[in-house]
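S.K.: Residues per chain are reported as follows:
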Amino acid sequence: MLTPRELRSMGVLGINMRNARYLSPNNPRRYYQRVDDKILTKELAKANGLAVPESFLILESPHEVRTLVENLSRHDSFVIKPARGSGGRGVLVVDHCDRGFFVKPSGARLSGEDLRNHASNILAGLQSLGGNRDCAMVEYRVTTAEAFRGISFQGAPDIRIVLLHGYPVLAMLRAATSESDGRANLHQGALGVGIDLATGVTTRAVHRGKIIVRHPDLDAPLEGLQVPEWDKILEIAGTCYDMTGMGYLGVDLMVDETRGPLMIEVNARPGLAIQMACGIGLQPRLEAALARRNERPGESARERLDFCRLHFASNAP
Amino acid sequence: MSPKLRLVLTVVTLCLAGSGIALYKHLKLGVPLLVGQKSTSWLIEAKVSFLTSLPQPVTVKLSLPPAARDENIGQEAGSLGFGYVLDTTVPGVKAVWSAQQPAEGPHSLYFRVRFPERFRTGGSGIEALGPVPVASPPGLSGSVEKAARGIIDRSRAASSDADTFFTHLLLQLSADSTAQENLLLRRHYEKIEHSRSGDLLVVMGIDLLEMAGIPARLAHGVKLDVREPQEAIPLIEYCDGRTWKVKNPAQPNVSLRSDNICVWKRGGGALLEVQGGDKSKVIFTVVKDMISLKQMKELRDSPLFASTILGLPVSEQAVFRYVVLIPLGAFVVVILRNIVGLPTLGTFMPVLLALAFLEMPLGSGIAMFSIIVAAGLYFRFFLSSMNLLVVPRVAACVVIVTLLMVVMSLLSWRLGIHGVLKVTLFPMIIIAWTIERMSLIWEEEGKRSALMQVAGSVFVAVVAYLVMRVPQIQYSAQYFPELLLIVLAAILLIGRYTGYRLSELHRFRNFTRI
Numbered sequence: 006m007l008t009p010r011e012l013r014s015m016g017v018l019g020i021n022m023r024n025a026r027y028l029s030p031n032n033p034r035r036y037y038q039r040v041d042d043k044i045l046t047k048e049l050a051k052a053n054g055l056a057v058p059e060s061f062l063i064l065e066s067p068h069e070v071r072t073l074v075e076n077l078s079r080h081d082s083f084v085i086k087p088a089r090g091s092g093g094r095g096v097l098v099v100d101h102c103d104r105g106f107f108v109k110p111s112g113a114r115l116s117g118e119d120l121r122n123h124a125s126n127i128l129a130g131l132q133s134l135g136g137n138r139d140c141a142m143v144e145y146r147v148t149t150a151e152a153f154r155g156i157s158f159q160g161a162p163d164i165r166i167v168l169l170h171g172y173p174v175l176a177m178l179r180a181a182t183s184e185s186d187g188r189a190n191l192h193q194g195a196l197g198v199g200i201d202l203a204t205g206v207t208t209r210a211v212h213r214g215k216i217i218v219r220h221p222d223l224d225a226p227l228e229g230l231q232v233p234e235w236d237k238i239l240e241i242a243g244t245c246y247d248m249t250g251m252g253y254l255g256v257d258l259m260v261d262e263t264r265g266p267l268m269i270e271v272n273a274r275p276g277l278a279i280q281m282a283c284g285i286g287l288q289p290r291l292e293a294a295l296a297r298r299n300e301r302p303g304e305s306a307r308e309r310l311d312f313c314r315l316h317f318a319s320n321a322p
Numbered sequence: 248m249s250p251k252l253r254l255v256l257t258v259v260t261l262c263l264a265g266s267g268i269a270l271y272k273h274l275k276l277g278v279p280l281l282v283g284q285k286s287t288s289w290l291i292e293a294k295v296s297f298l299t300s301l302p303q304p305v306t307v308k309l310s311l312p313p314a315a316r317d318e319n320i321g322q323e324a325g326s327l328g329f330g331y332v333l334d335t336t337v338p339g340v341k342a343v344w345s346a347q348q349p350a351e352g353p354h355s356l357y358f359r360v361r362f363p364e365r366f367r368t369g370g371s372g373i374e375a376l377g378p379v380p381v382a383s384p385p386g387l388s389g390s391v392e393k394a395a396r397g398i399i400d401r402s403r404a405a406s407s408d409a410d411t412f413f414t415h416l417l418l419q420l421s422a423d424s425t426a427q428e429n430l431l432l433r434r435h436y437e438k439i440e441h442s443r444s445g446d447l448l449v450v451m452g453i454d455l456l457e458m459a460g461i462p463a464r465l466a467h468g469v470k471l472d473v474r475e476p477q478e479a480i481p482l483i484e485y486c487d488g489r490t491w492k493v494k495n496p497a498q499p500n501v502s503l504r505s506d507n508i509c510v511w512k513r514g515g516g517a518l519l520e521v522q523g524g525d526k527s528k529v530i531f532t533v534v535k536d537m538i539s540l541k542q543m544k545e546l547r548d549s550p551l552f553a554s555t556i557l558g559l560p561v562s563e564q565a566v567f568r569y570v571v572l573i574p575l576g577a578f579v580v581v582i583l584r585n586i587v588g589l590p591t592l593g594t595f596m597p598v599l600l601a602l603a604f605l606e607m608p609l610g611s612g613i614a615m616f617s618i619i620v621a622a623g624l625y626f627r628f629f630l631s632s633m634n635l636l637v638v639p640r641v642a643a644c645v646v647i648v649t650l651l652m653v654v655m656s657l658l659s660w661r662l663g664i665h666g667v668l669k670v671t672l673f674p675m676i677i678i679a680w681t682i683e684r685m686s687l688i689w690e691e692e693g694k695r696s697a698l699m700q701v702a703g704s705v706f707v708a709v710v711a712y713l714v715m716r717v718p719q720i721q722y723s724a725q726y727f728p729e730l731l732l733i734v735l736a737a738i739l740l741i742g743r744y745t746g747y748r749l750s751e752l753h754r755f756r757n758f759t760r761i
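These protein sequence lines map, in sequence, to chains A and B.
Numbers in this note's numbering are just positions in the first sequence, counted from 1, shifted up by 5.
Numbers in this note's numbering are just positions in the second sequence, counted from 1, shifted up by 247.
The shape of chain A in the complex, shown without the other chains:
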């Protein structure tokens, strides 16, 4: 076990500090709606010219649930998720349809009834942040990009970028494993793969807090992978700051085979696991971003990205 002093010297950010110094002062309460309601986030994103997964359906009332299966007949693969969910709760991925059944990436088969139940649970607010009534979204399921095929277990990995006032400070890739049951949550056993902000090349991978070099299920190497369209990805993340007004932010993206990087969702309370994945403490970078902002207020998105790619590169001093 490391002492608090050692952790501090490595710049590791704790949850109390995150809340007190970075989250509460920089995220205005009135803007939370923009990130907590994914329908609203998506509209904002589209208005700002960001690519997002296409919405097939938005279910707002129980009677819309009844016709869910008929309305989805045109689609073979899709994702159902709550508009106000968090931490991947209530996300149901359908990989393909097979003789009236909906098959999950794990191979589990769901009936139309199962699908409707899932949707009505979402509407009842089961997975939403406060247990209030919610809407369900049915949207396009991302097709894994070529570059990620090797490390995709039951679905494409997603990219998380943490920003402070538009300055990206850390980035990682989250890849599901059999242990995480196809989910991308690190504490459920998914892989966290650090990404070099400057180049978009993966630096190292962590599984359950320990460094590993190959995917435990697929045996593919995890280091030295080039994330495609990295410039574009950083740009999208920067735009998310401008459109939400949230100072401390986690942006989740996925790279689609044909459509390129898509903004999936924005998180106003990004977790601390990214530090483990990257092997870099958040605090010094957050402080550097704050200092830069004080020094040069009103920098353009381009300038912010350039600053970070220069100062927050893996091989930076």
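Hints in this document: simulated from the structure, not taken from any laboratory.
Do not take every clue at face value.
No more than 27 Å apart at the CA atoms, straight line, and that leaves these computed lysine-lysine pairs for BS3-like [as the list claims (entries may be wrong)]: (1) B:526 to B:294; (2) A:237 to A:51; (3) A:109 to B:694; (4) B:526 to B:308; (5) B:438 to B:528; (6) A:215 to B:694.
Simulated DEER-style distance windows between Cβ atoms [to be verified]: (7) A:11 to B:694: 31 to 41 Å; (8) B:694 to A:72: 28 to 38 Å; (9) B:628 to A:223: 29 to 39 Å; (10) A:79 to B:646: 54 to 64 Å; (11) B:717 to A:247: 27 to 37 Å; (12) B:618 to A:79: 47 to 57 Å; (13) B:251 to A:247: 27 to 37 Å; (14) B:746 to A:72: 23 to 33 Å.
Owing to the predicted nature of the structure, the values given are computational and were not obtained by experimental measurement.
For every residue, glycine included, the Cβ atom is placed at its ideal position computed from N, Cα and C.
We have chain A; now place chain B onto it with these hints.
M.R.: Relative to the frame of chain A, chain B by itself:
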């Protein structure tokens, strides 16, 4: 003003105010800081309630403990619209309230008496005054008299004096025996007793004592039990020739001890007489008081009296004993969540759980909680297969949890475990929500995570319970509630704690820089 300075000023002010008031109470008013430093005393409140329906004069007479005549006993009477006098002329002391035409409806009158714990309130003998009392036989006849004689003769054969006779007689009467004589006697008394007040055993005991030539009469006692309001329990007072003694007929072989019972009324006669009112009754509430009587009198004249809970009626004080502990539970939660970093289900659910634990043995409390949550979870999974909406499902869970509790109480009663019956205090709605959230986490994040969180909650509840149970802490919270300002200051300070949580030292234990 910077937020930091504001916080520091607030914290300093709160600490100064809290400790200042407490020190003043200690130094000037002499309220002891530590529990058990001075002799403690009992405070018994008799609450007389009755109903008036006609505009007519009302007189209420409440017999008081013999010691009420004593100057050193603190006593006070509370009444709205009634004249009050202490009547010491008749044998035995009485509180007398009267009014010409009280308003119609229910009335409550209070009499409070406070006496040191050492004070002799038990059933020890007091000298019989005046002429030696003579027993007046009850006038039984026929087979009933014969049966009574039989029992008396047997008791007498086994005893040497009035005390041992009393013991043997009542042991025989209370024995669950199907002997002919006992049955006959009991049936006789059941027939005539349903119209008269008093416990069957007490009436039978008094009559048979009188028949045996031992003068006996009804007395009343109050159990020194702080848990809940009670009615007076009937006792028997008998004369062994020189002195009158009081014993509990239900435990004839035990002499009454002044640390568990206060003999409120002796010397025969009624406990309560109400003229002009209906449905009268007297209910006693007992509180253990940690401030000596003399200090109490001084404190009563101080403006700070209001800052103690002692300014409230005794029956309300009993509730506040727990209320003032809740902030401490919240404090424990703050420490364990923000400094230690334990996961819990629901932020303050553990505090409610801890309060429930205070009312029962810890072991059975935890067992109870575990069984209810486990069974509730089982039913919850069953319910989820029916695809109900959320609120009806939680409501169904509340019903199931309640029924489970009833079943468990019955079962444990049958098994002879009595502590579990205090379950009404279990926060059932909260438990139902706990079950709901737990099952969600179970499905979403796996059972490991769900069990971790529920174990975290129980652990926090146990720590809060252990803190709230400390006598010194209970005492301080009750007599120096201003110290809660210091707890508040500490909570504010922790609110600004930005260091690592203990759990994070574990979480980041493998952290290696790239």
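S.K.: With reference to the structure, classify each hint as holding or not holding.
M.R.: Going down the list of hints, with the structure as the test:
1. B:526 to B:294: 13 Å, holds
2. A:237 to A:51: Holds - the C-alpha atoms of residue 51 (chain A) and residue 237 (chain A) are around 15 Å apart, at most 27 Å.
3. A:109 to B:694: Holds - the C-alpha atoms of residue 694 (chain B) and residue 109 (chain A) are around 21 Å apart, at most 27 Å.
4. B:526 to B:308: Holds: residue 526 (chain B) and residue 308 (chain B) sit about 14 Å apart, inside 27 Å.
5. B:438 to B:528: 24 Å, holds
6. A:215 to B:694: 23 Å, holds
7. A:11 to B:694: 31 to 41 Å: Distance hint for residue 11 (chain A), residue 694 (chain B) holds at roughly 34 Å.
8. B:694 to A:72: 28 to 38 Å: 35 Å, holds
9. B:628 to A:223: 29 to 39 Å: Holds, at about 34 Å.
10. A:79 to B:646: 54 to 64 Å: For residue 79 (chain A) and residue 646 (chain B) the Cβ distance comes to about 44 Å; the hint is violated.
11. B:717 to A:247: 27 to 37 Å: This hint is violated: roughly 55 Å between Cβ atoms.
12. B:618 to A:79: 47 to 57 Å: 51 Å, holds
13. B:251 to A:247: 27 to 37 Å: Since residue 251 (chain B) and residue 247 (chain A) have Cβ atoms about 31 Å apart, the given range 27 to 37 Å holds.
14. B:746 to A:72: 23 to 33 Å: 54 Å, violated
Of the numbered hints stated above, those contradicted by the structure are hints 10, 11, 14, listed in ascending order.
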